[in-house]
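Trainee: Whatever position you read off the sequence shown (first residue = 1), add 51 for the working numbering.
It should be emphasised that the hints constitute simulated quantities derived from the structure, not laboratory data.
Predicted model only: the values in this text are computed from it and were never measured.
Don't be surprised by glycine CBs; every beta carbon is placed ideally from N, CA and C.
A portion of the hints provided could be inaccurate.
As the list claims (entries may be wrong) - Calculated lysine-lysine pairs in the DSSO-like style (CA-CA distance at most 30 Å, straight line):
| no. | residue 1 | residue 2 |
| --- | --- | --- |
| 1 | LYS249 | LYS55 |
| 2 | LYS190 | LYS202 |
| 3 | LYS264 | LYS290 |
| 4 | LYS147 | LYS172 |
| 5 | LYS254 | LYS172 |
| 6 | LYS207 | LYS290 |
| 7 | LYS142 | LYS190 |
| 8 | LYS241 | LYS207 |
What the hints assert, rightly or not - Restraint ranges, calculated between C-beta atoms of paired labels, are given here:
| no. | residue 1 | residue 2 | range |
| --- | --- | --- | --- |
| 9 | LEU237 | ARG335 | 22 to 32 Å |
| 10 | THR131 | PRO170 | 52 to 62 Å |
| 11 | LYS202 | GLU231 | 51 to 61 Å |
| 12 | LYS290 | GLY362 | 44 to 54 Å |
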Amino acid sequence: MENKRVVVLGGGVAGSLVAKSLQFRAALTLIDSKDYFEIPWASLRGMVEPSFAERSVIRHRDYLTNGHVITSPAIDVTPTEVLTAEGHNEKIKGAKSILIVGGGPTGVELAGEIAFDYPEKDVTLVHNGYRLLEFIGPKASNKSLEWLKSKHVDVKLEQSVDLDSNSGGAYVTSSGEIIEADCHFLCTGKPLGSEWLKGTMLKGSLDELGRLKVDENLRVKGQKNVFAIGDITDIKEMKQGYSAQKHALVAAKNLSILLAGGRQSKMAAYEPRSAKAFVSLGRREAVAQFSFTTVIGVAPGLIKSRDLFVGKTRKHLGLDPHVVDA
């Protein structure tokens, strides 16, 4: 094992699973900007329920018992080495009125969590699209809108907000409307963060959107020993934590084959699956879209809303799904 090394860049839900799977097969190093990761789809409930946040924050050293963790951003990649260089709950509790910008899964779920836990607060959600949750069907989108309105969330579609226009808690929308809010949350998505790769050997493997081009084995195209998983890949599928974890299992299997000296022809291929979408609506309900149908209400809520798959993710990493380590 002394001559076999694996470096994992990024310890999110996918990177952590690869690291955990390979830690006894090679000298493994995990490089992440933090010494922990948060289960992203659970962070919204953690903002309104701090005790839930504890289970959704996982220290790398809790599951990586036989690997090395480096807490630092990566600044360069070569074929043989990698060079390295709180208060949301109080914010919500202290506000009487809250503005949420963005009507995708994050914005809808955050609005639902706040409306469920703090029904006395005025919540406004502004989205520049013509409907919420544009990645799912119109029926599910409309039902989600109806649910939010039933919880007295003020939803404004086909409008944007200039956050720099904030003057004493007053925000101006693109239609000239003024929204009064004590605080705001921007839920419009984050950039991939792959800009730094343009200065590395992987620059030729990036597409026009900054994603890494991968083959069916999840290897970066043009590279023999570099794999990519999660949102940064150019795989044509919905970018979800569920898919990223599937990537991790395939990449870990293929790396294990290479580490054992196996033939490349034996490597597993990743096959994008039909999109599944779960969006929580408060604690008890959810909207679920499968390739064949859309289900809304308590039934999908029992699948996601109660635990948000936190227990399942902890179990994947060999941790107790219920108990937070002291």
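Trainee: Evaluate each hint against the coordinates.
Mentor: To see whether the hints hold, each was checked on the structure:
A threshold of 30 Å between alpha carbons decides the hint, and for LYS249 with LYS55 the separation of about 27 Å falls inside it, so the pair holds. Our distance criterion of 30 Å between C-alpha atoms is met by LYS190 and LYS202, whose separation comes to about 19 Å. Taken as a hint, the LYS264 and LYS290 pair is honoured in the structure, with Cα atoms around 15 Å apart against an allowance of 30 Å. With a C-alpha separation of about 5 Å, the suggested pairing of LYS147 with LYS172 holds against the 30 Å cut-off.
For the given pair, LYS254 sits about 47 Å from LYS172 by alpha-carbon distance, which is inconsistent with the 30 Å threshold. For the hint pairing LYS207 with LYS290, the CA-to-CA distance comes to about 25 Å; that is within 30 Å, so the pair holds. With a C-alpha separation of about 33 Å, the suggested pair LYS142 and LYS190 falls outside the 30 Å cut-off, and the hint is violated. Of the supplied pair hints, the one linking LYS241 and LYS207 holds, its CA atoms being roughly 22 Å apart against a limit of 30 Å.
About 27 Å separates the C-beta atoms of LEU237 and ARG335, a value consistent with the hinted range of 22 to 32 Å. The supplied range of 52 to 62 Å is met by THR131 and PRO170, whose beta-carbon atoms lie about 57 Å from each other. Against the hinted window of 51 to 61 Å, the Cβ-Cβ separation of LYS202 and GLU231 comes to about 19 Å, which falls outside the hint. Taking 44 to 54 Å as the suggested C-beta distance range, the pair LYS290 and GLY362 does not conform, at roughly 23 Å.
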